[in-house]
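Undergrad: Residue strings, one per chain:
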Amino acid sequence: MVNIIKRINLLSLLFFISFTFAKETEAPSQDLKSEIRAYIKHHLEDTYDFNLLSYTAQDGHKVHIGMPLPVILWDEGLTIFSSSKLHHGETVAQVGGRYYKLDHGKIYRTDAAGTIDYDENHHATNIAPLDFSITKNVFTIIVTALLMFFLFKGLAQSYANNGMIAKGVGRFFEPIILHIRDEIAIPNIGEKHYKKYMSYLLTLFFFIWFLNILGLTPLGINVTGNIAITFSLAFLTFLITNFTAKKDYWMHIFWMPGVPKIMRLALAPIELLGVIIKPFSLMIRLYANISAGHIVLMSLIGLIFIFKNWFGSTLSFGLAFAISIIEILVALLQAYIFTVLSALYFGFAVEEHEHEEAH
Amino acid sequence: MEIPAILGAGVVVIGVGIGIGQIGKGAMEAIGRQPDAYGKIQTAMLIAAALVEGIGFAALFAV
Numbered sequence: 001m002v003n004i005i006k007r008i009n010l011l012s013l014l015f016f017i018s019f020t021f022a023k024e025t026e027a028p029s030q031d032l033k034s035e036i037r038a039y040i041k042h043h044l045e046d047t048y049d050f051n052l053l054s055y056t057a058q059d060g061h062k063v064h065i066g067m068p069l070p071v072i073l074w075d076e077g078l079t080i081f082s083s084s085k086l087h088h089g090e091t092v093a094q095v096g097g098r099y100y101k102l103d104h105g106k107i108y109r110t111d112a113a114g115t116i117d118y119d120e121n122h123h124a125t126n127i128a129p130l131d132f133s134i135t136k137n138v139f140t141i142i143v144t145a146l147l148m149f150f151l152f153k154g155l156a157q158s159y160a161n162n163g164m165i166a167k168g169v170g171r172f173f174e175p176i177i178l179h180i181r182d183e184i185a186i187p188n189i190g191e192k193h194y195k196k197y198m199s200y201l202l203t204l205f206f207f208i209w210f211l212n213i214l215g216l217t218p219l220g221i222n223v224t225g226n227i228a229i230t231f232s233l234a235f236l237t238f239l240i241t242n243f244t245a246k247k248d249y250w251m252h253i254f255w256m257p258g259v260p261k262i263m264r265l266a267l268a269p270i271e272l273l274g275v276i277i278k279p280f281s282l283m284i285r286l287y288a289n290i291s292a293g294h295i296v297l298m299s300l301i302g303l304i305f306i307f308k309n310w311f312g313s314t315l316s317f318g319l320a321f322a323i324s325i326i327e328i329l330v331a332l333l334q335a336y337i338f339t340v341l342s343a344l345y346f347g348f349a350v351e352e353h354e355h356e357e358a359h
Numbered sequence: 001m002e003i004p005a006i007l008g009a010g011v012v013v014i015g016v017g018i019g020i021g022q023i024g025k026g027a028m029e030a031i032g033r034q035p036d037a038y039g040k041i042q043t044a045m046l047i048a049a050a051l052v053e054g055i056g057f058a059a060l061f062a063v
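Same order as they appear, the protein sequences are chains A and B. For the first sequence, position 4 matches number 4 in the working numbering, and the numbering has no gaps at all. For the second sequence, position 25 matches number 25 in the working numbering, and the numbering has no gaps at all.
Pulled out of the complex, with its shape left as it was, chain A reads as follows:
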């Protein structure tokens, strides 16, 4: 038994060391650190093409391996072109007499030379057309939605074909779905009303979970680390809470029973703020957890290239490996927390209980 443990330890050490190939004898330049910083920043942002990797070839020009995605703009009329015309921001795209250029990740209309005017705060003042492009995040969301659709459709059909027993890949998800129903939806929302919210809660959980996991793959997709995406999810929870709320919910916010009348006036603004702050915290929690996880992970991997000796690089790789494992847990946990808190807020909205003035 002890021998097996010793062998596993030795193998793990060799596994870690084998990944530290960055060995040169010069000290790392400031250039390398700012390059890593720029790379991390680029990972966190959304791009107009699905770029798997890019490197600088022998003769100095950059090679990008990836797939261009359509750019869809509304600029006095619908303009659609492939993002390969933008060449990652190096050239001006000419489309039907108009010229567009990428500046800091956004598309602006320019003239033929590609001039962009900046104001005092170094923001571009060119016209930015309305952007409905299929960017990398939109593409990933569509792929995840299709994946979820076919996965759960297959699961549902297997029930029909196999006498109420699931078969196939979907078997793995049945206990999770039951857990969401029995431990999250029913205790928080109550037997009477939980069914209305089940489809949203299930979609939310699996959507966030799959997107978080996809963010950890080497594809370099960062969907839930984008505050616009988490804002949309939190906004949906906000809308559903407030538009399916019963009278008791609003009473508890503005005119809570059982509290002296003067205090009700004092508490009402705080409760009103709470209506906004609860979904806001949902947004920030998911965004901060996922993007912070990505930043830490990529910084540690960058550290492998900054330490150009065996010892430092091995340690960095080991740490990055351990943090990746934690990030897998965080992916599931954040999806679970978002779902639990959404169910909690729905429960507040629909709870009904008999009131006496003493509450």
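What the hints contain is simulated information worked out from the structure, not anything from laboratory work. Bear in mind the structure is a predicted one, so any value in this text is a computation, not a measurement. We put the beta carbon where it would ideally sit given N, CA and C, even for glycine. There could be a bad hint or two in this list.
Claimed, not checked - Estimated spans, in silico, between C-beta atoms of each pair:
1. Leu7(B) - Tyr99(A): 16 to 22 Å
2. Ile55(B) - Gly312(A): 41 to 47 Å
3. Met67(A) - Pro35(B): 23 to 29 Å
4. Leu130(A) - Gly21(B): 45 to 51 Å
5. Gly15(B) - Gly168(A): 30 to 36 Å
6. Gly60(A) - Val52(B): 46 to 52 Å
7. His64(A) - Leu60(B): 28 to 34 Å
8. Thr115(A) - Gly21(B): 55 to 61 Å
What the hints assert, rightly or not - Computed cross-link-like contacts, SDA-like style, restricted to lysine to any residue with a CA-CA straight-line distance of at most 20 Å:
9. Lys40(B) - Pro175(A)
10. Lys278(A) - Ile55(B)
11. Lys40(B) - Ile186(A)
12. Lys33(A) - Ile55(B)
13. Lys40(B) - Glu183(A)
14. Lys278(A) - Leu303(A)
Given chain A's structure and the hints, the job is docking chain B onto it.
TA: Chain B only, in chain A's frame:
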């Protein structure tokens, strides 16, 4: 490289560490009292820990 930002981030991490430690302590004691309820207590502990950790990530954005 601002010192106040770095110090502030450090204080946030201390707070998060203390918070999650207290949650863990409460969970351990509860499991000790009722070993059957291990699953439920673990779930509740993870939820509370994730909430506290969410605030901790504000530290990363300060630096």
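Undergrad: With reference to the structure, classify each hint as holding or not holding.
TA: Now the hints, each set against the structure:
1. Leu7(B) - Tyr99(A): 16 to 22 Å: Cβ of Leu7(B) to Cβ of Tyr99(A): about 48 Å, so the range 16 to 22 Å is violated.
2. Ile55(B) - Gly312(A): 41 to 47 Å: Taking Cβ atoms as reference, Ile55(B) and Gly312(A) lie about 32 Å apart, which means the hint is violated.
3. Met67(A) - Pro35(B): 23 to 29 Å: violated (54 Å)
4. Leu130(A) - Gly21(B): 45 to 51 Å: Since the Cβ atoms of Leu130(A) and Gly21(B) sit about 50 Å apart, the hinted range of 45 to 51 Å holds.
5. Gly15(B) - Gly168(A): 30 to 36 Å: violated (47 Å)
6. Gly60(A) - Val52(B): 46 to 52 Å: holds (49 Å)
7. His64(A) - Leu60(B): 28 to 34 Å: holds (30 Å)
8. Thr115(A) - Gly21(B): 55 to 61 Å: 57 Å Cβ-Cβ, so the 55 to 61 Å window holds.
9. Lys40(B) - Pro175(A): holds (16 Å)
10. Lys278(A) - Ile55(B): holds (14 Å)
11. Lys40(B) - Ile186(A): Between Lys40(B) and Ile186(A) the Cα gap is close to 15 Å, so the pair holds against 20 Å.
12. Lys33(A) - Ile55(B): violated (28 Å)
13. Lys40(B) - Glu183(A): Roughly 10 Å between the alpha carbons, so the hint for Lys40(B) and Glu183(A) holds.
14. Lys278(A) - Leu303(A): violated (37 Å)
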